[in-house]
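Visitor: Keeping the supplied structure of chain V fixed, place chain E upon it in accordance with the hints.
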Amino acid sequence: DTGVSQNPRHKITKRGQNVTFRCDPISEHNRLYWYRQTLGQGPEFLTYFQNEAQLEKSRLLSDRFSAERPKGSFSTLEIQRTEQGDSAMYLCASGNTEAFFGQGTRLTVV
Amino acid sequence: GIQVEQSPPDLILQEGANSTLRCNFSDSVNNLQWFHQNPWGQLINLFYIPSGTKQNGRLSATTVATERYSLLYISSSQTTDSGVYFCAVASDSGYALNFGKGTSLLVTP
Numbered sequence: 001d002t003g004v005s006q007n008p009r010h011k012i013t014k015r016g017q018n019v020t021f022r023c024d025p026i027s028e029h030n031r032l033y034w035y036r037q038t039l040g041q042g043p044e045f046l047t048y049f050q051n052e053a054q055l056e057k058s059r060l061l062s063d064r065f066s067a068e069r070p071k072g073s074f075s076t077l078e079i080q081r082t083e084q085g086d087s088a089m090y091l092c093a094s095g096n097t098e099a100f101f102g103q104g105t106r107l108t109v110v
Numbered sequence: 001g002i003q004v005e006q007s008p009p010d011l012i013l014q015e016g017a018n019s020t021l022r023c024n025f026s027d028s029v030n031n032l033q034w035f036h037q038n039p040w041g042q043l044i045n046l047f048y049i050p051s052g053t054k055q056n057g058r059l060s061a062t063t064v065a066t067e068r069y070s071l072l073y074i075s076s077s078q079t080t081d082s083g084v085y086f087c088a089v090a091s092d093s094g095y096a097l098n099f100g101k102g103t104s105l106l107v108t109p
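Same order as they appear, the protein sequences are chains V and E. Its first residue numbered 1, the first sequence is counted upward by one per residue in this note's numbering. Its first residue numbered 1, the second sequence is counted upward by one per residue in this note's numbering.
Extracted from the complex, chain V is given alone in its bound form:
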């Protein structure tokens, strides 16, 4: 499968714990995006990478969220000190012009 791959698919964590999600983009895609989606809403932009450079970050993103894309390949999204409001589907996309989405990681904070 050469699509965007996200792991894990599901994550249940206790409030206050840190979690990290991984995204493997389609090979040779320069652009990588992270989004968050809650029930009944459209995906909400979190951050954007062009190769290894993080060029845009949503003002809605708190300091508890951090993302990296070392060497312009895979990317990780870390959430520190999780809160119940962080429960959502986290989506990753990659592309050069057109963006393609992975299947997402569903996070539940209990």
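Since the hints were made in silico from the structure, they are not lab data. The structure displayed is predicted, hence computed values, not measured ones. There may be inaccurate statements among the hints.
Here are the simulated EDC-like cross-link-like pairs (lysine to aspartate or glutamate), alpha carbons at most 16 Å apart as the crow flies [said to hold, decoys possible]:
| id | chain 1 | residue 1 | chain 2 | residue 2 |
| --- | --- | --- | --- | --- |
| 1 | E | Lys101 | V | Glu44 |
| 2 | E | Lys54 | V | Glu98 |
| 3 | V | Lys71 | V | Glu28 |
| 4 | V | Lys14 | V | Glu78 |
| 5 | V | Lys57 | V | Glu68 |
Guide: Below, chain E without anything else, positioned relative to chain V:
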């Protein structure tokens, strides 16, 4: 940031009917995509269409960039067309793809 408005928010059709979904946006764009989100949450690419007209089977899309809107046409709808349709745009001044709130489509037998 750029505003994206989709209409209608909800749509119920009988199988075989045609429909038109609309996406209005507030600024010049360098990227516009239509997606279908299936019941499992996967976003399926339908069209990459910052301008012009494209067709793919029963689906077609038109973007009139100068008037800041795009239309998605679904002809001879099938029950498998059910789901949420999203329009997403990126403005000339940014990188983020900004999503509308979607149109929730239900096609009944």
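Visitor: Going through the earlier hints one by one, which of them does the structure break, listed in rising order?
Guide: none
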